[in-house]
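Here the protein sequences come in this chain order: U and R. Taking the numbering used here, I'd label the letters of the first sequence as residues 670 to 1135. Taking the numbering used here, I'd label the letters of the second sequence as residues 966 to 1244.
Hints are computed from structural coordinates only; laboratory data are not their basis. No experiment lies behind these values; they were computed from the predicted model shown. Please note: incorrect hints may appear among the correct ones.
[As the list claims (entries may be wrong)] Pair by pair, the computed Cβ-Cβ distance ranges are: (1) U:Cys713 - R:Gln1231: 58 to 66 Å; (2) U:Lys714 - R:Pro987: 53 to 61 Å; (3) R:Gln1231 - U:Asp1019: 19 to 27 Å; (4) U:Ala684 - R:Gln994: 49 to 57 Å; (5) R:Ala1020 - U:Lys1135: 32 to 40 Å; (6) R:Pro1156 - U:Glu1015: 24 to 32 Å; (7) R:Ser1223 - U:Glu804: 51 to 59 Å; (8) R:Pro987 - U:Gly1004: 46 to 54 Å; (9) R:Ser1223 - U:Pro680: 40 to 48 Å; (10) R:Lys1112 - U:Asp807: 54 to 62 Å; (11) U:Arg709 - R:Glu1234: 55 to 63 Å; (12) U:Ala1075 - R:Ser1223: 30 to 38 Å.
[As the list claims (entries may be wrong)] Per the computed footprint, the stretches of chain U lying under chain R, defined by three or more beta-carbons under 8 Å from a beta-carbon of chain R, are: (13) 839–846; (14) 884–890; (15) 907–913; (16) 937–950.
Think of the CB as a built atom: it goes at the ideal place given N, C-alpha and C, for glycine as much as any other residue.
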Amino acid sequence: MTDDINKRIMPEREADNRIKDFEEVALGISTEQAVAEAKRCIQCKKPFCVKGCPVEIDIPAFILEIAKGNFDAAAKKLKEKNALPAICGRVCPQEDQCEKVCILGKKGTPIRIGYLERFAADWERTQKTGDQRPETRDRPPDAPKMAVVGSGPAGLTCASELARKGYAVSLFESLHLPGGVLSYGIPEFRLPKEIVRLEVEYIQSLGVDLQLDVLVGKTITIQQLFDEGYKSVFLGAGAGLPRFMRVPGENLKGVYSANEFLVRVNLMKGYKFPEYMTPVKIGKKVAVIGAGNVAMDAARCSLRLGADEVTIVYRRTEKEMPARIEEIERAKEEGIKFVLLNAPTEVFGDENGWVKEMECLKMELGEPDSSGRRRPVPIEGSEYKIQVDTIIVAIGQTPNPLIPHADPRIKTEKWGGVIVDDKGMSSIPGVFSGGDLVRGAATVISAMGDGKQAAIAMDAWVNSPK
Amino acid sequence: MPKLLHKEKLADNITLIKVAAPRIAKNAQPGQFVVLRVSDKGERVPLTIAETDPAKGEVTIIFQKVGATTKVLDTMKVGDELVNLLGPLGAPAHIKKLGTVVVIGGGVGIAEILPAIKAYRAVGNKVITIIGARCTDLLILKDKIEKESDELHIITDDGSCGRKGFVSDILKEMIEGNVKMDLVFAVGPVPMMEVISNITKPLNLKTIVSLNPIMLDATGMCGVCRVIVGGHTKFGCVDGPEFDGHLVDFVDLKNRLSTYKTEEKQAEEHVCKILGVKI
Chain U
670 MTDDINKRIM PEREADNRIK DFEEVALGIS TEQAVAEAKR CIQCKKPFCV KGCPVEIDIP
730 AFILEIAKGN FDAAAKKLKE KNALPAICGR VCPQEDQCEK VCILGKKGTP IRIGYLERFA
790 ADWERTQKTG DQRPETRDRP PDAPKMAVVG SGPAGLTCAS ELARKGYAVS LFESLHLPGG
850 VLSYGIPEFR LPKEIVRLEV EYIQSLGVDL QLDVLVGKTI TIQQLFDEGY KSVFLGAGAG
910 LPRFMRVPGE NLKGVYSANE FLVRVNLMKG YKFPEYMTPV KIGKKVAVIG AGNVAMDAAR
970 CSLRLGADEV TIVYRRTEKE MPARIEEIER AKEEGIKFVL LNAPTEVFGD ENGWVKEMEC
1030 LKMELGEPDS SGRRRPVPIE GSEYKIQVDT IIVAIGQTPN PLIPHADPRI KTEKWGGVIV
1090 DDKGMSSIPG VFSGGDLVRG AATVISAMGD GKQAAIAMDA WVNSPK
Chain R
966 MPKLLHKEKL ADNITLIKVA APRIAKNAQP GQFVVLRVSD KGERVPLTIA ETDPAKGEVT
1026 IIFQKVGATT KVLDTMKVGD ELVNLLGPLG APAHIKKLGT VVVIGGGVGI AEILPAIKAY
1086 RAVGNKVITI IGARCTDLLI LKDKIEKESD ELHIITDDGS CGRKGFVSDI LKEMIEGNVK
1146 MDLVFAVGPV PMMEVISNIT KPLNLKTIVS LNPIMLDATG MCGVCRVIVG GHTKFGCVDG
1206 PEFDGHLVDF VDLKNRLSTY KTEEKQAEEH VCKILGVKI
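Please model the entire structure based on the sequences and the hints provided.
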C-alpha cells in the first residue's frame, strides 16, 4: 500500500455523487485487499498496537485470522474485546491510536487496522454465517442486577461486558432509539444506522435488557435504582450539553446548535420530512462554526440537505483543527469552504427574525494555550460581515448536567465532568461513570474503554465485602 | 408501550387521555411534562402532565388539536399504545407557602394550572383562580377547578360564560381593588402571559409563567428551547418550563416559536392526508 498513513485507500463514492444523498461514503476494502494487508502484519511478539487500543483488542490475532482467510474467526476475536467492531471500524481515529504505534509505521506505512476491523465485522454481518460469540458466562437465575445508564458507546460496552460476566443488566436510554451519539450525532453517511441497530441487537442478545424512554434522574432516581435491587450503577450519559458562542443574535431563527441540527437530521430523519414528521430547515448559505468532527458532520449534512454554499468558520488554522484528517479531506472534496482564523462576533437578523448576516473578526495565532494549541488573537478593527441564512454552532459539548443535578451527591468538576476515582467510581459508593460524562467530549473508543474498565470494577465492587 | 386507558372529549378541540406510565406517575411533580411520539416516524412533542395517580400508575394528559401529532393522538382509542412516552421532564415547580396565590389559566392552559392549584393550596396558600377562554365551549375543567380553588373567576372573550373580556381584566380589577396577592402564576397563550407579566411588573408582584418553547429531545441536549431570562440563555426543557415572567424576553420567545410555522402546516396536511381527516 502507500507511505502516507492519512492517504485513504478504501474505495469510496465520488464526491459529486455522494453529496446527493445520505448513503455511506466509504465502501470498505475488498477481500483481496484485506488479505494482502493482513499479510503485511509482522505479528510482533510484544505488539504496541494492542497497547494503543483502549479496549485492548488482540489485534495481531484477528489480523492473523484474516491473513489465513478465516474471516469469521477474525470477527470472533474482535468481539472478545469489542462488542461494536463494525462501528469502531468506521468511526475510531485509528491513526491516533493503534495505527499510530504500529511498528511498521516507523519506516513505512502502518497496518490499516481500522480497515481490517471494519472488513471482518462487515464480513460477519453480510455473510450471515451466524454471529461469532465470544465466551460468555451463563447467567444464574439469581444473578445480581446491574444498571447501566445511557446506551452510547460507554454504556453499550459496559452493559455487554457485565452481561458476559453473568449479571442481569438493564440498560436505560432516555431517547426513543438506542446508541447515544452513534444514533443522534454521527450521520448515516459515516455510520449507517442499520449497523448501529444490529450491533445493539447483538448486545441485547447477550441478555442485556434495553429500556428506552427512561431518563435516569427524572423517570427513576439513582436511589430508586438501588431500592429496586440494582447492586451497582454505571452512568454513561455523555456530553450532551451544547456550547453556544454567547454572541448577540445567537437566538435568531436559523441558528442551530450542532446537537439540534444533527438530532433533527440523524435521529429524527428530518431529511425525509414530511414522511418523518420532524422538519429541518436549511438555508442557501450555511456557516458552521468550529472544526471538529461534529462540525464536519454538520457541514456535510447541510450540503446533502441542499444548501448552495457551506463554510466552516474556524478561529485557528487547519493544523489545529480537531477533526480527523480524512473527514476534513472529504469535506473539502465535497465542496465545503474553509474560512480560517476567523471568529464570529455578532449575528444579525432580518425584519422577520431570521438570520441574514454574521460579523466576523479576523485572528492571528499567538502563544500556545493550555491545550497546547496556539491561541487565536483578535486583529483589532478587522471586523467584516458575511451573508448567511443558517448558522450551525459546533464549538463543543460539555457533560450532561441532568444526572448530577438530580442527585447532588455526585461530585463534578467545575466544567461539569463527573469526578471518579482510579476505578471509575463516583462520589456515590457503587455508582461508576465513564465516557464523555467524565472526560468531556472525547472519542467513541475512549468511552468504550471506560465502559469496559467500569464493568471490571463493578464486578469487583459487587463481590467485595462491605 | 404505554397504553391509553381512558379518553374523554373536554371541548371541541381539547381531549383528555389517561395513559399507563407507573414510573412517571410515581415521580411526577407539579410543573412537569412528558414527551410523546405517536408513530415510528413521529415528532417528539412535549405535553404538560395534568394529573397523576401514582397508586394506579396513571398519567393524565390534556391536549389541544393544534398540529400533526395531536391530530393523530386524537384518533387513538382506549387500548391503543403510544410509541414513546418520556417523563417526567422539566424542573418541578417551587411550591411554597406565601399567602395568597392568584392562578391564571387561559385556553388549554387551564389544564396545566390544575396541579399548581392543588399544590399551592396543599401547603396552605389561599388560591384565587382566574380561567378564561374564547367561548364557553372551550372552557374546560370548570367544576374541578372550582372545587380545588378558594375563589374562582370565569371570563370568556364573547361573554358566553362568566364575564366578557380577558383574564387580565380581572387581574387588573383585583389590583385596583387592593386585593392582597403574594404570587401570580399564569399559564396560557404567550401573549396572555406577556400581558399579565407586564401588568404585575411595575407592582413588583412576583409572577411565574410556564413557557412552551419548541422542544426536540427535551432533556437538555439540543438547545432549541432556549429562552432569554434576565439576559441569560436558559433551556426551557431543563431550567423551565416555569420562569419569572418579569425576566422573560417574550419577543424572542414569540420569534423562536414561529420557526417552523410553514413546516408545521405541511406536516399537518401530510398527516391528515394519511388519516383521511380534514385539517
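Quick rundown of the hints versus the structure:
{"no.": "1", "hint": "U:Cys713 - R:Gln1231: 58 to 66 Å", "in the structure": "holds (59 Å)"}
{"no.": "2", "hint": "U:Lys714 - R:Pro987: 53 to 61 Å", "in the structure": "holds (57 Å)"}
{"no.": "3", "hint": "R:Gln1231 - U:Asp1019: 19 to 27 Å", "in the structure": "holds (22 Å)"}
{"no.": "4", "hint": "U:Ala684 - R:Gln994: 49 to 57 Å", "in the structure": "holds (52 Å)"}
{"no.": "5", "hint": "R:Ala1020 - U:Lys1135: 32 to 40 Å", "in the structure": "holds (34 Å)"}
{"no.": "6", "hint": "R:Pro1156 - U:Glu1015: 24 to 32 Å", "in the structure": "holds (29 Å)"}
{"no.": "7", "hint": "R:Ser1223 - U:Glu804: 51 to 59 Å", "in the structure": "holds (58 Å)"}
{"no.": "8", "hint": "R:Pro987 - U:Gly1004: 46 to 54 Å", "in the structure": "holds (52 Å)"}
{"no.": "9", "hint": "R:Ser1223 - U:Pro680: 40 to 48 Å", "in the structure": "holds (46 Å)"}
{"no.": "10", "hint": "R:Lys1112 - U:Asp807: 54 to 62 Å", "in the structure": "holds (58 Å)"}
{"no.": "11", "hint": "U:Arg709 - R:Glu1234: 55 to 63 Å", "in the structure": "holds (58 Å)"}
{"no.": "12", "hint": "U:Ala1075 - R:Ser1223: 30 to 38 Å", "in the structure": "holds (33 Å)"}
{"no.": "13", "hint": "839–846", "in the structure": "holds (count 3)"}
{"no.": "14", "hint": "884–890", "in the structure": "holds (count 5)"}
{"no.": "15", "hint": "907–913", "in the structure": "holds (count 4)"}
{"no.": "16", "hint": "937–950", "in the structure": "holds (count 11)"}
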